[in-house]
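Going by the working numbering, the sequence shown opens with residue 1406, and the numbers climb by one from there.
FYI, nobody ran anything at the bench for these hints, they're computed from the structure. Yeah, the Cβ is synthetic: ideal placement off N, Cα and C, and Gly gets one too. Treat the hints with care, as some may be off.
Said to hold, decoys possible - Ranges between beta-carbon positions, derived for each pair: (1) W1788 / D2276: 47 to 55 Å; (2) H2082 / G2044: 46 to 54 Å; (3) T1945 / E2110: 43 to 51 Å; (4) P1846 / D1891: 23 to 31 Å.
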Amino acid sequence: MSNPQDVLAERDLPYYEDVSPAQGTLPPRAWFASSDAARLCLNGIWRFRLSPTATAADDSFAHRDFDASGWDELPVPAHWVLHGHGSPAYTNTPYPFPVDPPHLPTENPTGDHHFTFDLPPGWGGGETGQAAVLRFDGVESCARVWLNGQELGTFKGSRLPHEFEVGGLLRPRGNLLAVRVHQWSSGSYLEDQDQWWLPGIFRDVTLLHRPEGAVRDFFVHASYDHADGTGTLRVEAEPGGRVTVPELGLDLATGESATVPVEPWSAEIPRLYDAVLETDGERVPLRIGFRTVAVQDGVLKVNGRRILFRGVNRHEFHPEHGRAVDLETMRRDLLLMKQHNINAVRTSHYPPHPAFLDLCDELGLWVIDECDLETHGFHAVGWRGNPVDDERWTPALLDRAARMVERDKNHPSVVLWSLGNECGTGRGLTAMARWIRERDPARPLHYEGDLSCADVDVYSRMYADHAEVEQIGRRAEAPWADGALDARRRAMPFILCEYAHAMGNGPGGLSEYQRLFETYERCQGGFVWEWIDHGIARHTGDGEPWYAYGGDFGEELHDGNFVCDGLLFPDRTPSPGLTEYKKVIEPVRIGGDGRAGTVRIANGYDFADLSGLSFHWSYEVEGLAVGHGELAVPPLGPGESTELKLPEPPAPERPGEALWTVRAVLASDTDWAGAGHEIAWAQLPAVPHPPLTSSGAPALLRQGEGNLFVLGHGAFDTATGELRYLDGFEIVPPRLDVWRAPTDNDEGAEWQPDARHGTIWRRLGLHRMRHRVVSVREGEAELVVRTRVAPAATDLGLDTAFRWTADGTALRLDVSVVPEGDWPCPLPRLGVRLGVCTSLGLAEWYGGGPGEAYPDTRAASRIGRWTLPVDALQTPYVRPQENGARADVRWVELRREDGMGLRVEGAPAFWFTARRWTSEDLDAAAHTTDLRPGGAVWVNLDHGLHGIGSQSCGPGVLPRHRLTAAPADFSLTFRTVEPDAGSRP
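Just need the whole structure built from these sequences, with the hints factored in.
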């Protein structure tokens, strides 16, 4: 029998534990950026006090005579934990408090905010008592609000707008706004969204004058009929008024519809019409885009055409300001997306700042607008007590759905509503879906967490592997138990709402996914997880910058660097993953036969023709352009292709490997990039790379001074056969190397079913291989060294032969490797590692570049001649790990400032890496500041590398990209470079 006192306690819950969403707030409505009604931005410097619990301080601070001058100052918008008041905390799915809904710990950091403001002269025509609305666009996680000592109410729903009517409380001068914000509330159980827990008023606070007859709400309905090219406009408004669209000659009463010829809106051609909604009290500028979204014949279509999402998931994040993201940063994000061929955003896992969607309308991106809802932490307790299946929480869920839909309903960029993320299943989701369909039947619904798809219009999955995606593409996936639901789901379009987990080095396997999206009509693309690393900016004592992740703030419970899994580094520098993604999803496909001199161009856009692009060719011999020009390509429509003849190749001064490079670039400036910006490219082999040849008679092996053999320009230890000097350059001897500092994707996630190779490699001991010299054999013109390279505590090994020969200018190493034993895993790498003088700090190479590449991340690697300092070869992943390899290298030179240096040529082409620390140093580092240059430049010349995959939260490396332990033979040729020699072919 329950205790009556317990029952009473449940009934008398404090507002921050009560599951109801809000008290005292106005109904949600459409957001608009401006109107002719007055508005006052209340962002700025506020007074702030932090208390350790929700009840540690009384509410006297809300009184008009309260003196807060002794309090700290805090900017608004901001998160107080990023300004020295407490600390951030990161978890992926675990709640950082007991799962005891709706209760919270007594320790509940609570921030009191205090702001005094005056009304500007002439506010509301100078009359007092006129209607006004106080708007909060985002507060985490629960707020209680007072104005001039009068309590306005409370609210939850951190990433959603809340408004209060305040007109009767305003004074011309000395208005006091007091806001109490609790870090934890019942709403926190609905916001377990794989990000930093960052309390505070983090979006704008605005006072809006509401004249008599002002717009309370409006709904723009602007559909497009692709059959006849007309658009139908109808605007519902409260109160009624008129809508004018000068460009279309429209002047309509609200509620009245008109059908006229229009140019439709799409992410590729974001055509907007300027309009004005006018009521008796207010004029509101509108930007109207005509488009229709529908699921037809099992395909998601916009304006009658199938669309393909080339998307990303985007959390709001700034390394210094958290989720307080300014307009310029939002625009920068979208410009980067457009410049990297991204056409879609899923607003994971909450509606973004409303201005972001205005920019999506303007610049052109498809948007899945996701509700501020995730209850993932209930998974740890078997989903017991999950709010989405508890009717007591349904009003809060419906409130969140309504605040998203009402705020964002007028954006043409929003093509799908998403109920939320990773909430399991339940009646509350069904109620949300029902309400949204009734309010806005023109947009399909999305939710990934219910595989039955009972409440949605598209079949969505996370991290399905390539094989399963192909099955789904054929509509041949495993059946659902309920026959009717199975048939309904099988008829739906399919998207990957999350895939290609971009944590650390990676993601790998993008090209193979894209081929599936472009092969199967049902597979309509996906959204890479995610846009940006959430590393929080920090500095060492001497000012060196670094980025913090989970655990760096002393959290008892955290998920480490799982918060750093984006295509951008925290400072918004594109990672190699973003460069790779741009190449993989390029909307123009270029192929052909370089030897035959033909090129094939295919338009992969959904709506745009190719009239906005210009095409250019260059003919390159040994990485140097010997000719270039423009290529006349017709303005192909979507889905069309053509084959063209390339010009006769120019005659090179000397023979060598030759390639055609064909590029598609913007023909003129756009809103998101300038003329000449590259959209797509391809390289077509024309003449193969010639084989390496000897340049002189073989050199003889002889005894040198001390314990050294001399062979050509090389000096070797007589006991071990190791190379010690090359033409005066001291060398840390070349050795067979199989180890790399495991990437986040090598380490994998503990819940993944596939083998986690990072763990296996360590258990096997590949990070501590031992080298035993089996024999050193001296020939007349060769030195052959056999070694057995093996880890301790196992009989596995690699039987290795180094055969050294020389001619008048070069030292050649032929490597033969034969695995011994039954290797249970692929190798991290297979090649040679050596150390050279730290003065050799400039690298020039002919091969893939300019950025890093691995077997399954090499689509963006372009063959050419590249030059970079060794320090610039590194990729600064927030958690240090294997990085910086260059693919398909024919030769590389490392030089001093005076031009002297070493050159290595390979047969076949090899992978090249150079860094000022060892792989072991890299493996031991937790942050970039842990890496310090050592006494050598460490060079890896690899015959093979294991792929990357995306197993940090997705599938592992595909079989074709695994480095299986197998017999291997490869050759490397070393020579010195003189200052005036220049790079040789």
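Structure-based check of each hint:
1. W1788 / D2276: 47 to 55 Å: For D2276 against W1788, whose Cβ atoms are near 50 Å apart, the range 47 to 55 Å holds.
2. H2082 / G2044: 46 to 54 Å: For H2082 and G2044 the Cβ distance comes to about 23 Å; the hint is violated.
3. T1945 / E2110: 43 to 51 Å: holds, 47 Å
4. P1846 / D1891: 23 to 31 Å: holds, 25 Å
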